[in-house]
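J.: Here's the letter readout for the chains.
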Amino acid sequence: MLRHLFKLIWNKKGTHSLLIIEVWAAFMVLFGVLTLIVFNLRNYLQPIGFQYEQVWNLELSSNQDTTDIAAKLQRTMQRVRSYSEVTAASRMSSNTPFSANQIGNSVNYNKVDVGADFYYTDSEFNRVLDVPVKKGRWYADADLVGKFIPIVINQVMENKLFQNESGLNKVIKRSDNVTYKVVGVVDKFKGKGLFMSDSPALFQLLEKNDRWNSNILIKTKPGTDANFEARLVKDVAMMLPGWGVEVGYLKDSRKNRENLTLVPVLIFLIVSGFLLTNVALGLFGVLNLNIAKRKGEIGLRRAMGATESKVTGQFLGEIWVLATFSLIIGLIFAVQFPLMNVFDLDKEIYIIAILAAVAVIYIIVTLCAWFPSKQAAMIHPAVALHEE
Amino acid sequence: MIKLQNVEKVYRTSSIETLALNNINVDVKKGEFVSIMGPSGCGKSTLLNIIGLLDAPSKGQIEIDGSPVERYTDKHLAELRNRKLGFIFQSFHLINDLSVIDNVEIPLLYRNTSGKERRELAQAALEKVGLSNRMKHFPKQLSGGQKQRVAIARAIVGNPEIILADEPTGNLDSAMGNEILGILQKLNSDGATIVMVTHDEAMAKKTDRLIRLFDGTQVG
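The listed protein sequences correspond, in order, to chains X and P.
Counting along the first sequence from 1, when you hit position 55 you're at 55 in our numbering, and nothing is skipped either side.
Counting along the second sequence from 1, when you hit position 101 you're at 101 in our numbering, and nothing is skipped either side.
Hints listed in this document are in silico derivations from the structure and should not be mistaken for laboratory results.
Among the clues, some could well be false.
What the hints assert, rightly or not - Straight-line distance between alpha carbons at most 25 Å, and here's what the computed SDA-like set of lysine to any residue pairs gives:
| hint | chain 1 | residue 1 | chain 2 | residue 2 |
| --- | --- | --- | --- | --- |
| 1 | P | Lys140 | X | Asn11 |
| 2 | X | Lys12 | X | Asn227 |
| 3 | P | Lys136 | X | Gly296 |
| 4 | X | Lys7 | P | Leu121 |
Model the full assembly from the supplied sequences, consistent with the hints where possible.
T.: As C-alpha cells, then:
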C-alpha cells in the first residue's frame, strides 16, 4: 500500500508541487525557530556557575576627574568593605555579570588558539559571586609578584585550549604576546545569564594601581535594603566628588538580560506560529477540495474492498508521503548546518531541532488531514460513484 | 448465488420521499448472465448498487451464497465486495494518475497479496482483455474501449465469482460495445456470474435472462 501511495503522489507531483514547497518552507522556518529554542533551552538548563541574588553592582565613572584615580578607587574599595552590611566586595571590569559589555581576546597554547571572554577582577571575585574553584585556586594579590600574570579559566576553556591535558600551571600567550599562568580552573561561568552558552572565560588579576576598571561587585548580607543603598551612594559620592555613582542589582540585570534573549525568540515563535497556521489552513483547504474532487475514486476504492478505515488511512498516508517528499528536500538543506558546523553550534542542537521539526510537521499534516480523511471515509460508496 | 427478497429502497430528504425500488425479487443463479433493463431513472443502478453491497435496501433481504448480509459490518461487507464481486462502470472509474497496471492492481491492495503476486495477477488479467501491451500507459492515453477493457481487467483480477456491470457499453460506439460484450460473454462462459445493467435491448437479448424495471418496480 505504501508503494501504491508513493506512486500516486509521485505521479501527481506537478499538481502537488506548491503544497510540497509550502510544507518545505514551513519545515525550514520551524527548523530555524526550533534550533533557537533548543539552543537557548539547553543553555538555560546548564547551571550559571555563580550566585548573584545578594550581589549589587556599584558602577563608578570618573567623568572629568583624571587625578589619582587608582588611589581613589582603592580607598573606595576599603570603604565599601568596611560596611557591616557587606560580606565581600570585588573590583572588576565593565563586563559585569548580565551587562551588555563584552571583552574578548584570543589566547594560544601549543598552536591551539581559543577566543575567550576576558574578565579583569581581583582576588575577592570568587568570594563575592561564590564561584567554586574546581582545580587549583583563585588568584591572590601575592601572585602579582610572579613572572606571569595569574589567571583562572573555566572548564570549557581548559578543554578547548589544553585538549585532554590539565591546564594548571601552564603558561599561555595572549595574541599580543602577554603571558599568563593558569592558577585555577572553575567549572562554569555564564556571565551573560542562563541563556548564554558555556563559552570559554578567562579571569585576570587586576594590577594594584589599575585605574581603568571601576565596577565594584558588592555581596550584601540577606535583608540589606534600599536604606543601605542610599547610604552607600551618598558616602561614595562624598568620597568621589564629580564621579558618576550608580547601583544596580544583579538579579534585575539578569531579568533584563534574559528578556533580551527571550523577546526575539518570542517574535520568531509568533511569526512561525502564523506561518504554520497558514500552512495548516492551506493544507486543510487543499485536502478538502482534493477529497471533493476525488469522490469517484473514493467510491471506486470502497467498491473494490476498501473499508472506511482504509480510506481514512489512504488519505492520511498520502499526506504523510507528501510531507515526506517535502521533508526529504528540507533535510538536504537542514543537515548542512551540523555538517558544516554553521554558527559553531553543537551538532546535537541541530539534530534535536531537525527531529522536532519533522515531528511537528507530521503532527500538523496529520491534524489537517484527519478531518477531511474521516469525511472521505464516510462518503457513501454508491453516492460517490453516482456523483462521478 | 444472489437472492433479493421484497427489496425496497426509499430515498428521503426533509421534504420528499422517493420510492426508488419497490418489492424487488431477484434470484441469480451461479454462472448466469443476467441483464437489467429499463428507462432512465427506473432504479437499475440502485438495484445494482444494492446487489453489489454498495448501498443498503430500506426493506427486504439480500443473500449472497445463501448468507443474509444485513448484519454484516463495514469490514465484512468490504471483504465480501473484494473477494466475491467485481465492478465495471459506464464511466470506467479509472484513476488517471495511475498507470494501467496500477489501476488493475487496486482490488489486490485490499488483500494480503505481495507486490510480485499483484503484478503477475494484473498482467494476467490485462492479457485476458488483450491489453498486455498497454500496461505502462496512463488512462488518458487510451481510447474509450481500451479504458473499459482496463476496467474489466480490474474487475476480474481478484478472480471474483460475480461481475456487476453498470452500463459497460454506454459510453462506447457499437463496435466497441460488441467487443466489450464479447469479453463479458467469454468471462461468463469461463464460469463468472454476471449481472449487467443496460439500455440496449440488443445487448440485453444476448444475455441469459432479462429483468425489466419500470419506475422502481419489476415488470418482467
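J.: Hint by hint, note whether the structure agrees.
T.: Hint check results:
no. : hint                 : in the structure
1   : P/Lys140 to X/Asn11  : holds, 13 Å
2   : X/Lys12 to X/Asn227  : violated, 75 Å
3   : P/Lys136 to X/Gly296 : holds, 22 Å
4   : X/Lys7 to P/Leu121   : holds, 19 Å
The structure shown violates just one earlier hint, number 2.
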